[in-house]
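Taken in order, these protein sequences are the chains called A and B.
Letter by letter, the first sequence follows residues 1 to 271 in full-length UniProt numbering.
Letter by letter, the second sequence follows residues 1 to 169 in full-length UniProt numbering.
Hints were generated in silico from the structure; no laboratory data involved.
Keep in mind that this is a model prediction, so the values were computed, not measured.
Ideal placement from N, C-alpha and C gives every residue a C-beta, glycine not left out.
A portion of the hints provided could be inaccurate.
Said to hold, decoys possible - Some chain A residues judged to face chain B by a derived CB distance under 10 Å, without partners named:
| hint | residue |
| --- | --- |
| 1 | Leu36 |
| 2 | Gln39 |
| 3 | Pro41 |
| 4 | Ala78 |
| 5 | Glu79 |
| 6 | Pro97 |
| 7 | Phe182 |
| 8 | Leu269 |
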Amino acid sequence: MKSLLTRATLALTLAISIAGPAAAHRQWMLPSATVLSGQDPWITVDAAVSNDLFYFEHVPLRLDGLAVTNPDGSAGTAENQATGKYRSTFDVHLTQPGTYKVALASAGIMASWEENGQRKRWRGTAETFAKEVPANAEKLQVTEGARRLEFFATSGKPTDTVLKPTGKGLELSPVTHPNDLFAGEKASFKLLLDGKPAPEVEVTVIPGGIRYRNDLGEMKVKTDKDGAFTITWPTPGMYWMTAQTEDKKTTVPQANKRSASYTATFEVLAQ
Amino acid sequence: MRTLLSLSMTGLAVTPALAGELAVTVEIPKLEVAEYHRPYVAAWIETPDQQFVANLTVRYDVKMRDNEGTKWLKDMRQWWRRSGRDLTMPVDGVSAPTLPVGENRLSWDGAKAPLNGLKPGSYALVVEAAREVGGRELIRVPFDWNGKPVKAEAKGETELGRIAVEVKG
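Turn these sequences into a full structure, and let the hints steer you where they fit.
In C-alpha cells:
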C-alpha cells in the first residue's frame, strides 16, 4: 500500500513538474503564519494545486513525502493530516524556538514506450527502472524529475540550521532570512542545483490574492553567475516563488534530461 | 540580527551617565468600537538610522494564564523584529501591564538602566501599538540626549494619540 501511494504521488509530481512552465497549475503550501511568538505556537497549513494563488479550486496537494525539519535539525511531525476535495491540510506544533522547514521533496523517473502498438507509461526510481522497463522497449522516452516545495516558519528568534541545503535537486539558499521579510525591502537569495550555484535560471515571484486584482503582478528575475538573485517585495502579503531548470545529469542513461523545480511560499510583513 | 545586537551593545557601552530624566507620554485614544481590547504597546530607543538601542517598556497582557499573552507580541512587528524575538518574556523592568485610555506618563531615571549607559547623541523614541481585532501604529519622535532639556512630540492617527518626549536636565 505504501509503495502504491508513493508511486501515485510521484506520478502527480512528475506529471506536473515535467509538464513545465506551460502548465498553468501552481503547486503551493500556505502556512497560517510564519512569524510567531508565545509559549505554545502552532501553525496550520493548506496545500493545493490550483491556477490562482492561493485558492483551492483544482486538486489537493498529496502530502506523501512531507517532511518537517525542527530548528535543531531533527525530524518533526506534520500533525492532523487530511486531504479533501480541493486541498490537503496539516498542523505543525512549534515546540522548539527557532526556524522550521516544511518541505515536500521528491525525485523520480518517468518513461513511456510502445508495446504491440500501444503506448505504455511507467513511473519509478532508478532502482526499479532496470527491473520494470524492458531493455528492448520500442520508442522509449525517459525523463527524470526532481521537485522541492517548501516554506519556513519561525517561533521567536530566526535560526539557520534548517536553511542548510540538502545538496539534492534545485534548492534555495537564503542570504536574507526567509522569516525576516518586509515590504519595500530587498531580500537576497541563492539558487543551488545539487548544492552548487545555479546560474541563469529564471525565478518567478507572484503575490497571493490573484482573484481580486486584474494584474498578475508577476516578477521575473534571472540568477547571476553565482546563482544569486534579489527580490524587492512591493507590498506585504504571501508570495509564491518558483524556478525550474533542466540539465543532462540523469541517473539512468536512457533519460535524455533531468528537470528540477523549486517552489516556495514566503510571508512579507508590513513595515 | 547580530549587527543589531552589537550596535545596541555599543549604544549602551560604559560611559559617564548623564544626569536627568526621560519622561515619555503615551496617549491611548478612546475608540468607539464594539470589541475593545487595550493595545499592546512597546516603547524603545533607536538611533536615527533605526538601529535598536534599548527597550523602555513593553505593555502586554502579562496576567494571562501560562504566559499566553505573549502569543500576540509579534503583532508589534517592528519591535518584534528589532528586539522582542531575542527576549524571553517577561523581562524585569521592561514587561508591564497594558495601558488604559488617556495620557500615560512614564519616566526613566538617567542614572539607572537602561539610560545610564546611553551615550550623548541623537536618538528617537519609538512607540508601537497593536490592538487585538484592531489596527497597528508606529510613531517615532526624534530627541537629543546630551544633558540639555528637550521637548518633542508627535501625534498618532489611529491606535496612538499624543506621544511626547521630555528630557529634563
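Next item on the list: Quick one: which hint numbers does this structure break? Sort them smallest to largest.
Entry: Result: hints 4 and 5 break, sorted rising.
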